[in-house]
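Work the whole structure out from these sequences, hints included.
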Amino acid sequence: DTGVSQDPRHKITKRGQNVTFRCDPISEHNRLYWYRQTLGQGPEFLTYFQNEAQLEKSRLLSDRFSAERPKGSFSTLEIQRTEQGDSAMYLCASSVASGRVSVNEQFFGPGTRLTVL
Amino acid sequence: AQSVTQLDSQVPVFEEAPVELRCNYSSSVSVYLFWYVQYPNQGLQLLLKYLSGSTLVKGINGFEAEFNKSQTSFHLRKPSVHISDTAEYFCAVVDRGSTLGRLYFGRGTQLTVWP
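These protein sequence lines are chains E and P, in that order.
Convert by adding 2 to the 1-based position in the first sequence; the result is the number in the numbering used here.
Convert by adding 2 to the 1-based position in the second sequence; the result is the number in the numbering used here.
These are computed hints drawn from the structure, not numbers from a lab.
Note that CB positions come from ideal geometry on N, CA and C, so glycine has one too.
Since no wrong hints were added, every one of them can be taken at face value.
Restricting the straight-line Cα-Cα distance to at most 20 Å, the calculated cross-link-like pairs of lysine to any residue (SDA-like) are:
#	chain 1	residue 1	chain 2	residue 2
1	E	Lys59	P	Thr101
2	E	Lys59	P	Ser100
3	E	Lys59	P	Ser5
4	P	Lys51	E	Glu107
5	P	Lys60	E	Glu107
6	P	Lys60	E	Asn106
To spell it out: a stretch of chain E is covered by chain P in this simulated footprint if at least three of its residues, at any positions, have a beta carbon under 8 Å from a beta carbon of chain P; those stretches are:
#	segment
7	34–44
8	47–61
Over 12 Å on every C-beta distance to chain P, these chain E residues come out as not near it, computed from the model:
#	residue
9	Thr15
10	Thr22
11	Phe67
12	Lys73
13	Phe76
14	Thr78
In structure tokens:
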């Protein structure tokens, strides 16, 4: 079990550029979550996948954000036309669905820290 | 809707002293409760969780928490802290009826342990 990995760990970009982050969940986990954490705040839910299906999106996920999980394995989160307000830590988590799904532990990756200049 | 309030943004303590990190929640539905820890430049790690049964739950690294339904609280405690406990701690809830397990987090409490 290598845990959840995220790439890159840090990204600095200029306002208006597009960025893409990748998350590799734990191999047998069919549930994948994206959260955003800004300075001084707790993580906030962005979106959720079960296998390859994106089942819920937060209102925080504007139309500049898009997430995919092709083949139900790794996931990508793309931000188009970045703004300074997008600067945050983007966290990915995965879990396995069994029984009462809401109690399944979510395993978090180390995050991608985005800085928009 | 669920909300989580962590009453202290920063808690400084000396090594070997006891500590309590406070968490209160508000929810229109029943919830499960969690505490996560985040070390610098790392992701979140689960410390402990309350699902049902005994209201006193024990977690990793000597931490424990007590669920108080009447006060809607889930305070985290450790009788004797170490410098290595310095980290950010997050309280979180999940709707018991949720089919996706979305976590709602508090703003976090920075615990700093001094020698």
